[in-house]
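Undergrad: One letter stands for each residue in the lines below.
Number of protein chains: 2
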Amino acid sequence: MWSRGSGSFPSSNRLFAHLTCSVLSGAGDDFLSMAECQYIIKHQLEALRAEDETHVPGYSQAKLYPGKSIIRRLQSKGILVQMFPLHDKEELKRLSFSWYRTVRLSLQPLDAIRRYFGEGQALYFGFLEYFTIALLPMAVLGVPYYLFDWENYDKYVLFAVFNLVWCTVLLEVWKRYSATLAYCWGTLSRKKAFEEPRPGFHGVLGLNPVTGRKEPVFPSVSRQLRIYLVSLPFVLLCLYLSLYVMMIYFQLEGWALSVYDEDPTLWTEVLTYIPSIVYAVVIEAVNLLYRYAAEFLTEWENHRRESSYQNHLVLKVLVFNFFNCFASLFYIAFVMQDMLLLRQSLATLLITSQVLNQLMEAFLPYWLQRRRNKKMIRKVLRRRAIEEKELPLAEQVRLEADMNTYLGTFDDYLELFLLFGYVSLFSCIYPLAAVLVVLNNITEVYSDAFKMCKLFKRPFADPAGSIGVWQLAFETISVIAVVTNCALIGMSPQVKAYFPESATQLILWTVAVEHLLLGFKFILAFLIPDVPKHIRVKLAQIEFESLEALKKKVNHLLTGYELA
Amino acid sequence: MWSRGSGSFPSSNRLFAHLTCSVLSGAGDDFLSMAECQYIIKHQLEALRAEDETHVPGYSQAKLYPGKSIIRRLQSKGILVQMFPLHDKEELKRLSFSWYRTVRLSLQPLDAIRRYFGEGQALYFGFLEYFTIALLPMAVLGVPYYLFDWENYDKYVLFAVFNLVWCTVLLEVWKRYSATLAYCWGTLSRKKAFEEPRPGFHGVLGLNPVTGRKEPVFPSVSRQLRIYLVSLPFVLLCLYLSLYVMMIYFQLEGWALSVYDEDPTLWTEVLTYIPSIVYAVVIEAVNLLYRYAAEFLTEWENHRRESSYQNHLVLKVLVFNFFNCFASLFYIAFVMQDMLLLRQSLATLLITSQVLNQLMEAFLPYWLQRRRNKKMIRKVLRRRAIEEKELPLAEQVRLEADMNTYLGTFDDYLELFLLFGYVSLFSCIYPLAAVLVVLNNITEVYSDAFKMCKLFKRPFADPAGSIGVWQLAFETISVIAVVTNCALIGMSPQVKAYFPESATQLILWTVAVEHLLLGFKFILAFLIPDVPKHIRVKLAQIEFESLEALKKKVNHLLTGYELA
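Order-wise, the sequence lines are chains A and B.
For the first sequence, the working numbering begins at 9 and goes up steadily by one.
For the second sequence, the working numbering begins at 9 and goes up steadily by one.
Think of the hints as simulated: they come from the structure by calculation, not from any bench.
Treat the hints with care, since some could be wrong.
If the Cβ cut is set under 10 Å, some of the chain B residues that face chain A in the computed set are [stated by the list, open to error]:
1) Thr219
2) Leu480
3) Thr484
4) Val487
5) Val491
6) Ser510
7) Thr512
8) Phe530
9) Phe534
10) Lys546
11) Ala548
12) Gln549
13) Glu551
14) Phe552
15) Glu553
Cross-link-like lysine to aspartate or glutamate pairs, in silico, EDC-like; alpha carbons within 20 Å at most [claimed, not checked]:
16) Lys546(B) <-> Glu223(A)
17) Lys76(A) <-> Glu553(B)
18) Lys76(B) <-> Glu553(A)
19) Lys560(B) <-> Glu59(A)
20) Lys559(B) <-> Glu204(A)
21) Lys222(A) <-> Glu556(B)
22) Lys559(A) <-> Glu204(B)
23) Lys541(B) <-> Glu204(A)
24) Lys222(B) <-> Glu556(A)
25) Lys85(A) <-> Glu307(A)
26) Lys546(A) <-> Glu223(B)
27) Lys560(A) <-> Glu59(B)
28) Lys546(B) <-> Glu204(A)
29) Lys541(B) <-> Glu314(A)
30) Lys222(A) <-> Glu551(B)
31) Lys559(B) <-> Glu59(A)
32) Lys222(B) <-> Glu551(A)
33) Lys222(A) <-> Glu553(B)
34) Lys559(A) <-> Glu59(B)
35) Lys559(A) <-> Glu54(B)
36) Lys541(A) <-> Glu314(B)
37) Lys222(B) <-> Glu553(A)
38) Lys541(B) <-> Glu553(B)
39) Lys76(B) <-> Glu556(A)
40) Lys559(B) <-> Glu54(A)
Glycine included, each C-beta is placed from N, C-alpha and C at the ideal position.
Using the sequences and the hints, build the whole thing.
TA: Written as structure tokens, this is what we have:
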């Protein structure tokens, strides 16, 4: 814990408090993972509550009320600057060696990641790995398609059908795999604890209908008004602006093409790619800007619970990012019906966004931090070389306090979500997309692992049982993919050749096939159980045993009463 | 309980055992409802287990094994003939007066039904009533449409759109209403108890992986083989036969029309209606036959749990009944595209099936039972008239033992399911359907109530928290309804008039609107919470209080340890 000195504390200095969890986990003792110890300590710290109405010693303006969290008050008053778990150098070294320091063909050490970072992180890396492996067959199939059939994309019909079935099966199997992981980690049947109001929540003091305690209350009607009268119009406005930018891009594209047609040289050919690249960069920039706006708006909507805040934020960001990234592709595919341009745009968007993402995510923070920490590290290293000893704790805390804060898996999932969209929505046009995404994901594993271990403060563990709302988001994409791919197939010359006389017949057949595929998809999702059988048996076993134990206890009590 | 005499019991006589639950519920004491007492007694009876390996006294062939239910063994050996709760004459009189004996404009006494018959029954009647009331606006709208626009059905477009939105909202609101009911009855968060194997389940003696106890085990692979290699082909064969019957009907229909065209008299006009009516009767008969086959097959699939048996039975019956009832309508609508014939067929099918159902369900059993019981009732009444007293218990048991056994709400829901299909799938063709269904439902309430109270043995209570798999079935229909109604609207001359040049444009627009409606439907279903807010607050309250109590208990224990 960092506390900024002011008031009665020496103002020129920063104080830090350090807690170890050696009580909870002895060395080599696997009863609790490091992440779990961390979670417990954080919970205990946050549960420190004031007993009487008083104020923080030395800070008369920081009032404490009975039953309110002390840590939260310290944070909101700026007395406590930040609170974070320290990295464990030993463990981190071991983890990073088995994870990303050696390039080899093996799976990630998910259990070790979970032990160090917690279940939420481990599930993200599990999903990233699973997604990459699941894309391999598509990537392997895609290469020959790309190499031998570049110009007649109608051969991609089979590929698209395979893709559709694949997407559905992939997501269903992930659900089962994730349930298996969560079962092994003990978070599968985890019940959400009663949620306290999130730190930013404010309102008039009122009565909580659930607990009957006094706490800030914010009328649900006001929140609904803010959502529907401000946030929704704002999102719609942003979508409109995004459309406007898209139209400018198409004009630029047209202008570049006309220049190339007039004077076809190498330079003008390069010029035809410029608008796409610029547009891709603009998309990323706009997404980033919008992200801040969405956070601000969702904060202002004043949600009481963290989960509700997260859901509204995810919804806002997903809708806009989806629209912003894919609107131009939809326009090219279904309004302009220019398949060559579609393929070119898709490739440019995909490659540019991947390059930008890797830059923004790993190299930029790395570079920034290196610059910032250069001096300190050099100083520390010099001292270390002299003393030949471990980095002293105070130095370590100071070093890590300056590191960036990891903001959760949101951005990482969002990136995967958009990549999944590029792969599945227009796969029959550009089979190489899967190859690119696989390559990206492999570097992503390394850069994410590096960034988690080296660039960020160690995050607090988040005991998650599934990837939550993202499962729904990916499934939505896979439904939309059925529609787009069927439409693309219906528009392909090969299929058109089957119905030489009547376009109506062609469309009716396409729609019928699409409906059948959608129906098949839903039946498949319904038939495949979400939890594998052996896990279900184990869960039933646990429930049965607890019931038996309860029975025994009741019998014991009854016998006790009879004796008494 | 009835036990048939044989072995050491006097063989010329029937014995019955009678248990009252006066211990559990004193008069006027509302701590437990009658249905709950009944459920507890049944549970206790079924939990009577043999302690040692022995046999039923007097029945050396009826072996008892340690830990096995005695009642089940008695039932399977035919020693115990039947087991049923007796009607409570007083309560029944009160219930029937407030329920169906007086015709008046008021809601059903759901709480009283629940007290007497249990939650499963009460939810069925709640759903029937809700469904009827929800159809009222459509019925009211439908009459003028029917009266003034009989021949140009293209005016029904608006009606169809209204209908689509209505179906979605209706089912979502029902979920909330049902959650409210179930909360009031205490069955909302009811956990399924650990399920024992169903009575008909058999297999080699093996180890249950969950309980670790010895019990009959049937390999899941054999069951899957039976399902996919026998049941599935059988269902497909039945669907094919149903198609075959449909084709015969169309031939007959064509023949009748040709006769009418040659010689248009009143008699030949009547003749044109005959095939439809005969077909409707055949459909009902085939449904009934198929029902027996499905029960036999599902029994043979040897499901371990009752719930799994029920799901497989429901799936088999639903798919076939849906196909059997609606195939001809789909054929007329989308292959023949004859809207006049569609309307006529729909009306004939709907009316015939309603009349047949009411006959089969209420009047036939009533008539059969009257004939059977005439003598006994006369005898009893004579004696009663002489003694001016209550019917003695032994007589009552004998009387009720001869009554039909109520087989659960399956058939009642199935009927509602098909009616819902008639109303929603082709509503834009025949707006009067809603009126007919409302009329049918009103008589259905009375006939079902009458049959529950007078014709059947009192059923065992079934503590249900929702209408279960039927919610899914109704929602599936409402999704299919979007597709059929959009197609019908797209085929209407009024809409066709908007696209005079291009049929392709018309189809594309229709498909686009359909997709938008489907998307809207899913978003709506997602946005409307399944449980109303005040119920969620109450549930959270309960959870919070139990957590607080647990905390106190733990603190108490910890203090105890400290003291010790």
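Undergrad: Does the structure break any of the earlier hints, and which numbers would those be?
TA: Nothing - there is no hint that the structure violates, so all of them hold.
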